[in-house]
Amino acid sequence: MIFSLDVAGAMDGSISVGTLSESVLFIGDGLSGDITIADTDGFEGSIVVNANANADPDRELWSGSVSVATSSGTFNLAPAESQPAKAPFYEVTSSTLVGTVGLVPFNFHPKDSAPTHGVSVVTGAPTSVQIHHYGPVVDADDDLVNTPPVRVFEALLTLPRARATTARRCATPSGPKSPMASPTKCSAAW
Amino acid sequence: MTITNDTDSFAQNRAYQVIPADLVCSPLWVPSAPQVVYVSSWAGATSVCDDEDFPVESNGYGFKVASGFDLNQNLTLETGDIETWLIDPVDFDESGHADAIDLGLLVDAVVNGDDE
Numbered sequence: 135m136i137f138s139l140d141v142a143g144a145m146d147g148s149i150s151v152g153t154l155s156e157s158v159l160f161i162g163d164g165l166s167g168d169i170t171i172a173d174t175d176g177f178e179g180s181i182v183v184n185a186n187a188n189a190d191p192d193r194e195l196w197s198g199s200v201s202v203a204t205s206s207g208t209f210n211l212a213p214a215e216s217q218p219a220k221a222p223f224y225e226v227t228s229s230t231l232v233g234t235v236g237l238v239p240f241n242f243h244p245k246d247s248a249p250t251h252g253v254s255v256v257t258g259a260p261t262s263v264q265i266h267h268y269g270p271v272v273d274a275d276d277d278l279v280n281t282p283p284v285r286v287f288e289a290l291l292t293l294p295r296a297r298a299t300t301a302r303r304c305a306t307p308s309g310p311k312s313p314m315a316s317p318t319k320c321s322a323a324w
Numbered sequence: 000m001t002i003t004n005d006t007d008s009f010a011q012n013r014a015y016q017v018i019p020a021d022l023v024c025s026p027l028w029v030p031s032a033p034q035v036v037y038v039s040s041w042a043g044a045t046s047v048c049d050d051e052d053f054p055v056e057s058n059g060y061g062f063k064v065a066s067g068f069d070l071n072q073n074l075t076l077e078t079g080d081i082e083t084w085l086i087d088p089v090d091f092d093e094s095g096h097a098d099a100i101d102l103g104l105l106v107d108a109v110v111n112g113d114d115e
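First to last, the protein sequences are chains L and W.
When we follow this note's numbering, the leftmost residue of the first sequence carries the number 135, and every step to the right adds one.
When we follow this note's numbering, the leftmost residue of the second sequence carries the number 0, and every step to the right adds one.
Source of the hints: derived by calculation from the structure; they are not laboratory data.
Mixed in with the good hints, there may be bad ones.
With the C-beta cut set under 7 Å, the calculated list includes, among others, these residues of chain W facing chain L [to be verified]:
#, residue
1, R13
2, Y15
3, I18
4, A20
5, L22
6, Y60
The beta-carbon is built from N, C-alpha and C at its ideal position, and this holds for glycine as well.
Sequences are here, hints too, so could you generate the full structure?
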């Protein structure tokens, strides 16, 4: 059964659930309690921390833990853990975790993104770049070509250190032809 | 979110940094739709000039694309790439065979940089 569960404020208690299926648990404020999901196949659902989007977001809003059993073992997503389970920007990939736990505002997922964040690509220039996030994101002004969702900056790898070349704005696909990469419209997929 | 390539986008011997400009959390999940924030240090595209268009933020998603001449894949164009070519020649100009012209291209890149 798919459902949406809202916790209006902070969650400081502990709960254990068998599975979230594709359900979403919204925690309005911070998470200081412990959530245990026992489904051994990962969890297809989602947990949103700080769903009320506090005006002064801080990663410390997630001080509790989310324990998820997966086919690759159990991951206890918490700030005190080391990667790949260190919250809120854990590096467990979606292929392992299946579901997602995201702190608002959503950051990009460094390991789910392709190329991986910070990597040096040695197989030639990528034909596309996929940036995954810890929750769904959208272009705020989908119809405005002058307000692209992201800006892409480029620097030449000239030794002994990089120097700036040009900073070119992205354009949405519906906008004028850009010399730079054109991000497609953002979707609820992430 | 996917950034697709076009005729002049991602290239070799470059570093790229992506910073949210008008990206928000989906209002279907977060009604107030706050701006997405990228939190992760990335100095791969750090500017050494004061170009106002260049990002001042150090946070962002980023990656580097090694030069095609960087044959030993150490992110540096140096004589080691020539040594690697001598062992395993590469046909840079796609002429059908690796020859002195390809070696000349490599030497030029090592000496003058690969500013494509």
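Right, here's what the structure says about each hint:
no., hint, in the structure
1, R13, "holds, 5 Å"
2, Y15, "holds, 6 Å"
3, I18, "holds, 5 Å"
4, A20, "holds, 5 Å"
5, L22, "holds, 4 Å"
6, Y60, "holds, 5 Å"
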